[in-house]
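S.K.: Here are the chains, one letter per residue:
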Amino acid sequence: MRWIFDQRLVGWIGAAILVAAVAVTLVPISVRHAAPLGVSRTIDSGRGIAVRGGYVAPNYDGFDRVALDIRVYGDEPFYDFTVHVRPSGPDQPDIRTIALRLPRAEVWHAKGAFANPYVTVDFPEIPDSAGSRFYVWVESGPRNRDDIWTLWRIKSYSSVPAWDVAKAWIASPPEPLGHWPGGVVLIALMAGAITTLAWLAVALARISPVPDRVPRA
Amino acid sequence: MAGLATLPESGRRKPGWFQSPDSRYHPRAVARAVVGLRAAGADRDWLQPLLLLFLCKQLLLVALFGAFTGHDEVDHYWYIARIGVGDGLGVVGDVVLPTETRPYRGYVADYPNNAEVIQPPLYHAVLAPVWRILPGDAIDRLFVLRLFSVALGLGVVWIAYVTTRVLFPESPFLRAGVPLFVAFQPQLSFEAAIVNHDILVIALFSLLLYLLLEGLGSGFTTRREIAVGLVTAAGLWTKLSFGLAIPVIVLAVVWAWWDNRRRWADPVLAIQWLVGSLFLTLAVPLLLISPWFLRSFWLYGDPTGSQRLREIQEFGNSASTYQEMFTTPAFWRERLEDFWGNYGWRNIPYDAGFSQLIWAVWGVALTLGVFLVAREILARPFGWRPLLSRHQVRGMTVVVASVLMLAFGVLYVGTIQFTQSRFIFPAMVGIALISLLGIDRLLPPRARPVATPVLLALLVVFNVVALVRFVIPFYYGPGGGGVLLP
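Chains as they are written, first to last, in this note's numbering: chain A, 69 to 285; chain B, 340 to 825.
Be careful, since some hints might not be right.
[What the hints assert, rightly or not] A short, non-exhaustive set of chain A residues, derived as facing chain B with CB atoms under 10 Å:
(1) 97
(2) 104
(3) 107
(4) 135
(5) 181
(6) 182
(7) 225
(8) 233
(9) 238
(10) 239
(11) 241
(12) 259
(13) 260
(14) 265
(15) 269
[Claimed, not checked] Facing chain A, from chain B, some residues (calculated, C-beta under 8 Å):
(16) 403
(17) 668
(18) 686
(19) 792
(20) 811
I should point out that these hints are in silico values taken from the structure, not numbers from a laboratory.
Virtual Cβ for every residue (Gly too), placed ideally from N, Cα, C.
Given these sequences and hints, build the entire structure.
M.R.: Spelled out as structure tokens, the structure:
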């Protein structure tokens, strides 16, 4: 493996890392929709209880994932759930229905402080979801109909290329800059950042790994 | 150590304010060094693009974060405006925010009161004349004032470099890695893109640490002691938590004195020297801040006003005890989340998996640091060659002390109100040194060529993914964004 640390290859490694970083902007990435604290809470503040459903408002197309903070309080080894996604509003039918079978450890109410409290649920993407509102609710399977459990929080996601995220930002530059000039400024700054990143990567790859000759005290 | 030549000998007077033999610190020389990066030598090759990249990144962040969505940004902005129009400093509880702040009330700790007027006013007083001459409405002015934070952030990155060069001039990885860590630490970058006095505290604390490490290495001249005193005074006039630096100053000054006392034939002179040093570095800043202490005592009944903060219901209800904080794992998880993420009043947290990945990488780096400490302790009994010089051990002890003092500050604030990890950010240069030192000393020589590019890649990928997955979609999207707390 001696060759891998050859100084001549360092530049190539740096360049490859840079290309990989740029490539990330072209591949789809799961972005979380805008929500206070990143989540939609299911609590019904009027009644002071948590209900088993909540509204999410995707701000990107391609809504294809929710993360659910489900907590169970029983001792069944497995729990069956069905997740329903439907547009908000009266009498709307489900547009996605996903069945889940989860081991108790994954939804046990007393999770460790450093554990991930969410269960991730993927489903076929819902196109044209940007700007719409959906109701996500969970029901237990027949086997767990009488078990005690609840849903505390919901996060929602879309899979979009990173460039789409950048485009959405460029379309809404800061007010004082104005729409078009602001967009141009943002593009110029992004181009400047990428260029200087390449410059920096090359410069860092050229740093000698040998410690400089500085006398030690 | 060439710098030791500047230390005074027994019976000699210390170099005066205008008589420093060290021409490197002449203001013109410092200005030339900063502007032309002359002091950086060959490191200019990467320092120039790093500083330029930081500038581009920060300007993008200024544009990215929605108006008034930084922590306490509403309060700080209207504190500046208040001084700008000549309404004076104000008293907590009496100063009410204007009605145009209503859309941002979710980002105000004690709406409609401006709780930040309890803070010393240096940052706000400096920006008040700028605010006064700026045209436009509050949002126009806010974005311009954010540029001041960018400039301070740029200074912090530069100080990170020069500080590392003082302690580890022989290490190319640390000289580059520490400023890289500081430049890409996402929450420090957040501080350096919003209107908040914290970034000035970070810059002043970083400068203080640099001065202390310089003094520890090449001696505390009168000029340097005055510089330490003035920086401390400026820090205290920015935020009283800067007082946590006082034990660190005492440690550095007394340690430097202890190391050099044997050069002095007259012990009385040695004691006089120590007393003089402590007077310039500690008593002078405390005297300079005393009018603010007296004002707070007069208005709130204690010199810092912390009792008044406890009385604010929103704050007081979140207060805890040291024991509760120490023994609650969720408290430490939140501190880790705050340190690396949780933009704008925790409104934009990372997902758990992403956070855990960051903590794992950081944990490996810190574990190597712990191994290094253990190895250095065992080096003498086992006859191993030490990997750190005595000067570096002393310097890192001061660095660790500064981090510990600010960590204590995080806990102390938790006894008054909800606490946040950002209170430790003034020690970011030290945290970067602690994080990377183990890698620098324990990495096999053959792996060193890739260490710095890999660090850059990790930091860049981390920042880009965090911004693209969580931060930008919070504010922008074809279907809207920028939600506010209800």
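S.K.: Against the structure, test the hints numbered earlier, and report the numbers of the ones violated in rising order.
M.R.: When the structure is compared with the hints, none of them turns out to be violated.
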